[in-house]
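Peer 1: Knowing the structure of chain A, use the given hints to seat chain B on it.
One-letter residues, chain by chain:
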Amino acid sequence: GDQVKQSPSALSLQEGTNSALRCNFSIATTTVQWFLQNPRGSLMNLFYLVPGTKENGRLKSTFNSKESYSTLHIRDAQLEDSGTYFCAAEADNNNAPRFGAGTKLTVKP
Amino acid sequence: AQTIHQWPVAEIKAVGSPLSLGCTIKGKSSPNLYWYWQATGGTLQQLFYSITVGQVESVVQLNLSASRPKDDQFILSTEKLLLSHSGFYLCAWMRGGSQNTLYFGAGTRLSVL
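So the protein sequences, as listed, match chains A and B. Here the working numbering = 1-based position in the first sequence + 1. Here the working numbering = 1-based position in the second sequence + 12.
Hints were generated in silico from the structure; no laboratory data involved. Heads up, none of these hints are tricks.
Covered stretches of chain A (in silico footprint by chain B; criterion: 3 or more residues with CB under 8 Å from a CB of chain B, positions within the stretch not fixed): (1) 40 to 48; (2) 98 to 110.
Capping the alpha-carbon separation at 30 Å, the derived lysine-lysine pairs in DSS-like fashion look like this: (3) K55(A) with K40(B); (4) K55(A) with K38(B); (5) K6(A) with K55(A); (6) K38(B) with K25(B); (7) K105(A) with K67(A); (8) K61(A) with K109(A).
Keep in mind it's a predicted model, so treat the numbers as computed, not measured. The C-beta atom is built at its ideal place from N, Cα and C for all residues, glycine as well.
Chain A with its partners taken away, still in its complex shape (with noise of 0.2 Å):
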């Protein structure tokens, strides 16, 4: 089954709203990131995450290693903040970090 587990696959925002992605992991995380990967493909490092929350601007993320979920707040949609965002899992054991399937979202004026 999927170890990172990302919700919602698909998210359609209107410009100024709020929203939150999220993922779920059923293997033993140490250390969480996030990317925003653009419509070229090209992958935003956005957050490197130990258990704890960490803001940057309209952006805002936790990791709660406990419950095994790491979540990312959207403030205030943008236009540019459309893309597709992932998150990636790293483990003790494991030395190239697990991705997620990507969250696509879409701001719409």
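Peer 2: Below, chain B alone, put in the same frame as chain A:
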């Protein structure tokens, strides 16, 4: 500052032909290096990773091979392409120590016809 360069940007190849994709990291010594593959609209699938020169670990092979001939170079190759090899290939490096952030190259888009 570290830079990661992938080549070529895109390839159109025939089934059964050979393939070689390259990745170079500048500004970081002894990086961990990774190859990922992404089908159109899909997730990133781990293929190979390398901790040091000459050593490559396979995660999922997909009839591909990888080599690390130099500290700053990671090569992905096959002697015979399959239709299923089409997709987006991404090379990445990881900063070691307390912050293992993964940094990706711009990718190579491969179409096998």
